[in-house]
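There are 2 protein chains.
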Amino acid sequence: MTEDNVVYIGNKPVMNYVLAVVTQFNSGASEVTIKARGRAISRAVDVAEVTKNRFMMDSKVKDIKIATERIASERGESNISTMEIVMIK
Amino acid sequence: MTEDNVVYIGNKPVMNYVLAVVTQFNSGASEVTIKARGRAISRAVDVAEVTKNRFMMDSKVKDIKIATERIASERGESNISTMEIVMIK
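In order, the protein sequence lines correspond to chains A and B.
With full-length UniProt numbering, letter number 84 in the first sequence gets 84, and the count goes up by one each step, no holes.
With full-length UniProt numbering, letter number 52 in the second sequence gets 52, and the count goes up by one each step, no holes.
Note that these hints are calculated values from the structure, not bench results.
Check before you lean on any hint, since a few could be wrong.
No distinction is drawn between identical chains; accordingly, a pair holds when it is met within one copy or between any pair of copies.
[As the list claims (entries may be wrong)] Listed below are the simulated DSBU-like cross-link pairs for lysine-lysine, each with C-alpha atoms no more than 35 Å apart in a straight line:
| no. | residue 1 | residue 2 |
| --- | --- | --- |
| 1 | Lys12 | Lys89 |
| 2 | Lys89 | Lys60 |
| 3 | Lys52 | Lys12 |
| 4 | Lys60 | Lys35 |
| 5 | Lys62 | Lys35 |
| 6 | Lys35 | Lys65 |
In this text the structure is predicted, and so the values were computed from the model without any measurement.
With these hints in hand, go ahead and build the complete structure from the sequences.
Shown next as structure tokens:
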């Protein structure tokens, strides 16, 4: 789920990822990037908002980037949207 | 679905909203805002990416804002994430 200063959003509950972001900040990170693809993008926004509004009131969103990735699936190649939310403290 | 220069994302197919964005640009809008809440946020990113990559190559994302709204539901008040993607041409 996490790499240095990056939290990848999957299908787990929002709070799992909020905890991961808070843990990264508390371990000294000044910047944490939340990354998601496809339907997990909505959850990534939830994670950023819950982190900012309820756990780390001094954090804020520095940047949000969206893009498209090509992925291979059983039905051949297809496009999937991606999003990165960069949070700072 | 649309207000002046704003496209609200619901549960329809992505292409419905891409068409709405393209129509607004073709009717003279220089800026179109895509608005979504909750799970529709992922679809809003799809709409922006498909519009930019396949229909209006000269358009780009000017700004992305996320926030939280309080909404009343049968189970009382709850929070929902919101997103606004501002596209320009």
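Handout entry: Status of Lys89 relative to Lys12 across identical chains (alpha carbons, at most 35 Å)
Key = Within one copy only: 24 Å inside a chain, 37 Å across chains, cut-off 35 Å.
Exercise for the section: Pop the pair Lys89 and Lys60 into one bin, within, between, both or neither, using alpha-carbon distances up to 35 Å. Expected result: both (6 Å within a copy, 28 Å between copies)
Handout entry: Lys60 and Lys35: within-copy, between-copy, both or neither at 35 Å Cα
Key = both (16 Å within a copy, 21 Å between copies)
Exercise for the section: Could you figure out if Lys35 and Lys65 sit no more than 35 Å apart (CA to CA) within one copy, between two copies, both or neither? Expected result: Intra 10 Å, inter 16 Å, cutoff 35 Å: intra and inter.
Practice task
Up to 35 Å between alpha-carbons, please classify Lys62 paired with Lys35: within, between, both or neither.
Solution key: The answer is both: 14 Å in one copy and 20 Å across copies each meet 35 Å.
Exercise for the section: At 35 Å max between alpha carbons, let me know whether Lys52 reaches Lys12 within a copy, between copies, both or neither. Expected result: both (19 Å within a copy, 31 Å between copies)
This entry satisfies every hint, going by the numbered hints stated previously.
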